[in-house]
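A.B. asks: So you can see what is in the structure, the chains are spelled out below.
Number of protein chains: 2
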Amino acid sequence: MTQDSKPTSGEDSLIARYFKPLATDPGAFNLDDDAAALKAAGEDIVVTTDAIVEGVHFLANDPPGTLARKALRVNLSDIAAKGAVPAGFVLTLALRGAEEGWLKPFADALGEDAAQYGCPLLGGDTVSTPGPLMISITAFGRVPDGRMVHRSGAKVGDRIFVTGTIGDAALGLDVLRGGPVAAALANDATARNWLASRYRVPEPRNALALAVREHASAAMDVSDGLAGDLAKLCAASGVSADIELPRIPHSQAAAALLGRGAVGVEALIAGGDDYEILCTVPRDRADAFALAAQGAGIALSAIGQVVAGRTGPRFLDGQGKELVLKRLSYSHF
Amino acid sequence: MTQDSKPTSGEDSLIARYFKPLATDPGAFNLDDDAAALKAAGEDIVVTTDAIVEGVHFLANDPPGTLARKALRVNLSDIAAKGAVPAGFVLTLALRGAEEGWLKPFADALGEDAAQYGCPLLGGDTVSTPGPLMISITAFGRVPDGRMVHRSGAKVGDRIFVTGTIGDAALGLDVLRGGPVAAALANDATARNWLASRYRVPEPRNALALAVREHASAAMDVSDGLAGDLAKLCAASGVSADIELPRIPHSQAAAALLGRGAVGVEALIAGGDDYEILCTVPRDRADAFALAAQGAGIALSAIGQVVAGRTGPRFLDGQGKELVLKRLSYSHF
Numbered sequence: 001m002t003q004d005s006k007p008t009s010g011e012d013s014l015i016a017r018y019f020k021p022l023a024t025d026p027g028a029f030n031l032d033d034d035a036a037a038l039k040a041a042g043e044d045i046v047v048t049t050d051a052i053v054e055g056v057h058f059l060a061n062d063p064p065g066t067l068a069r070k071a072l073r074v075n076l077s078d079i080a081a082k083g084a085v086p087a088g089f090v091l092t093l094a095l096r097g098a099e100e101g102w103l104k105p106f107a108d109a110l111g112e113d114a115a116q117y118g119c120p121l122l123g124g125d126t127v128s129t130p131g132p133l134m135i136s137i138t139a140f141g142r143v144p145d146g147r148m149v150h151r152s153g154a155k156v157g158d159r160i161f162v163t164g165t166i167g168d169a170a171l172g173l174d175v176l177r178g179g180p181v182a183a184a185l186a187n188d189a190t191a192r193n194w195l196a197s198r199y200r201v202p203e204p205r206n207a208l209a210l211a212v213r214e215h216a217s218a219a220m221d222v223s224d225g226l227a228g229d230l231a232k233l234c235a236a237s238g239v240s241a242d243i244e245l246p247r248i249p250h251s252q253a254a255a256a257l258l259g260r261g262a263v264g265v266e267a268l269i270a271g272g273d274d275y276e277i278l279c280t281v282p283r284d285r286a287d288a289f290a291l292a293a294q295g296a297g298i299a300l301s302a303i304g305q306v307v308a309g310r311t312g313p314r315f316l317d318g319q320g321k322e323l324v325l326k327r328l329s330y331s332h333f
Numbered sequence: 001m002t003q004d005s006k007p008t009s010g011e012d013s014l015i016a017r018y019f020k021p022l023a024t025d026p027g028a029f030n031l032d033d034d035a036a037a038l039k040a041a042g043e044d045i046v047v048t049t050d051a052i053v054e055g056v057h058f059l060a061n062d063p064p065g066t067l068a069r070k071a072l073r074v075n076l077s078d079i080a081a082k083g084a085v086p087a088g089f090v091l092t093l094a095l096r097g098a099e100e101g102w103l104k105p106f107a108d109a110l111g112e113d114a115a116q117y118g119c120p121l122l123g124g125d126t127v128s129t130p131g132p133l134m135i136s137i138t139a140f141g142r143v144p145d146g147r148m149v150h151r152s153g154a155k156v157g158d159r160i161f162v163t164g165t166i167g168d169a170a171l172g173l174d175v176l177r178g179g180p181v182a183a184a185l186a187n188d189a190t191a192r193n194w195l196a197s198r199y200r201v202p203e204p205r206n207a208l209a210l211a212v213r214e215h216a217s218a219a220m221d222v223s224d225g226l227a228g229d230l231a232k233l234c235a236a237s238g239v240s241a242d243i244e245l246p247r248i249p250h251s252q253a254a255a256a257l258l259g260r261g262a263v264g265v266e267a268l269i270a271g272g273d274d275y276e277i278l279c280t281v282p283r284d285r286a287d288a289f290a291l292a293a294q295g296a297g298i299a300l301s302a303i304g305q306v307v308a309g310r311t312g313p314r315f316l317d318g319q320g321k322e323l324v325l326k327r328l329s330y331s332h333f
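Heads up: the sequence lines are chains G and V, in that order.
Each residue of the first sequence is one higher than the one before, counting from 1 in the UniProt record's numbering.
Each residue of the second sequence is one higher than the one before, counting from 1 in the UniProt record's numbering.
Extracted from the complex, chain G is given alone in its bound form:
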């Protein structure tokens, strides 16, 4: 953790005080060096990087603890989807100033998650910015040589699975922005808070990583919306997919809103920020994969199958009629 500044300044001591306890890996050298050293005994180091920006990926009034968790968990989600075991992460923080009232809850929550997921802080950089707060994390995982799970391995006939529930985070973002979902749930603070928490703190499915590595032909995490991410997986694999809309798993809160017509299914499957695992599994391994998920305590749903073709995936309703989506996912630019 370098701070581009002299070692005696009060702010540096503050940063060091809060982040050193997170650097539990011996290769982090207690954050006292310019670099970390990651051991790799014949394994591949899986590397992923994801940044979150104030006003774009999170809201200015989001609590620092939830920002810390989200910044790390969006990366842990990639590590899980690639079939890898977390090995550590480096953190770049662009801050307007180093305030104890912000740094302490941020570092505390980050430390809790680092411990929970076995992913210690290895190093980082803290820089000042006149602009929005930005948290950039590069996370590392380990897989046996050549065993990272790719987007590109899906084969015709494979079953398509997704973990958890889809669409909660998109609804939660709408709640936090005071949009139509907030209005539809005006009398249900419990549902509003739960959906907001799904947006703020994803639940990466690292417990499923070994099963994904063992059984999946292709996998990725759902970060930009199920529809768009499935299209990416299909494009990378040179296949298409048939998805049965009624099989896409939704939370009670999301299902209730769907049932009342307060939201359409498109908002849920093109919404983004789910951080669930989407994967394809050969038919003869589907049962073993489902059992492994059960053993890991991860909810898993079979939502369709891989089919031949180069067109985008089809989303079919209960009558087999195709839903044509106006947009697949969230786009930045």
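Incorrect hints may appear among the rest.
In silico DSS-like links for lysine-lysine, alpha-carbon gap of 30 Å or less [what the hints assert, rightly or not]:
{"id": "1", "chain 1": "G", "residue 1": "K20", "chain 2": "G", "residue 2": "K39"}
{"id": "2", "chain 1": "G", "residue 1": "K20", "chain 2": "V", "residue 2": "K20"}
{"id": "3", "chain 1": "V", "residue 1": "K155", "chain 2": "G", "residue 2": "K39"}
{"id": "4", "chain 1": "G", "residue 1": "K155", "chain 2": "V", "residue 2": "K20"}
Among chain V residues calculated to face chain G with C-beta under 10 Å, some are [as the list claims (entries may be wrong)]:
{"id": "5", "residue": "I52"}
{"id": "6", "residue": "R147"}
{"id": "7", "residue": "K232"}
{"id": "8", "residue": "H250"}
Rather than coming from a laboratory, the hints here were simulated on the basis of the structure.
No experiment lies behind these values; they were computed from the predicted model shown.
Quick reminder that beta carbons are idealized off the backbone N, C-alpha and C, glycines included.
Once you've looked at the hints, dock chain V against the given chain G.
C.D. replies: The following block gives chain V in isolation, referenced to the frame of chain G:
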């Protein structure tokens, strides 16, 4: 290289078009996956991360090509100082918009440097920001198991070496800001441009990395000013240092300004952005190290020696009189 957006958007294609040619490592999977896989056959992966922010680390009108080079080279400099061989990097770009006129020269220059230093792009994340442009790079190097060179190994009696020349970048920044150095060089465009280029495009000393690993007891790169960085190295090693000011290497341009009294030596040794290697070498290896530097074509100067003590390093003039520094280095907060 994920873009948090649907694969069909024009901006994504733009980003993909410019960055895919840089992803020459097979473990980058042509940037088509969610993560990269770094091979490590019994080696340690050295990890370092450094971010640069518009208005803080570079100026809004700096050309995109020099930003690209600086962002990568400040990380390559850390890799070199740790005795490691570059293995690749991931890039996080926070942009206000994806403009071809900016992306093309940025990616072209980044690709040239990636090829020159053998450090291919492995992946990244492009996010939109309403604020200043930020470029965050996490770079990787390889060292044999346990052979990363630390800040903490300096021993009393070791010789202290520094590569290249010290202070040019600080002068160059002043030139670009139109400060007193610019005024002092009003009639010397050649010197102004040369100093500005030293600020904008550092020359990391990766050619010296193997010699550093072979001979140095401690090493770091000089990024925040020689004085402050030496103080950090001494603190990490539990030693102090005596530096002979006349032995600190300065460029012709810097020496001329010093000679005319246009700048003081403090501005040069506390200035920052040098990206030279500072290291300590046991006395009986000093000649071998100097020979290795000569073989690598890297200018190297012996500037002092490690002494016992816990106080900060002393900077002694030609008469052995100590220069007391008002500040050691640049501080962000």
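A.B. asks: Hint by hint, where does the structure go against what was stated? Just the numbers, ascending.
C.D. replies: 2 and 8
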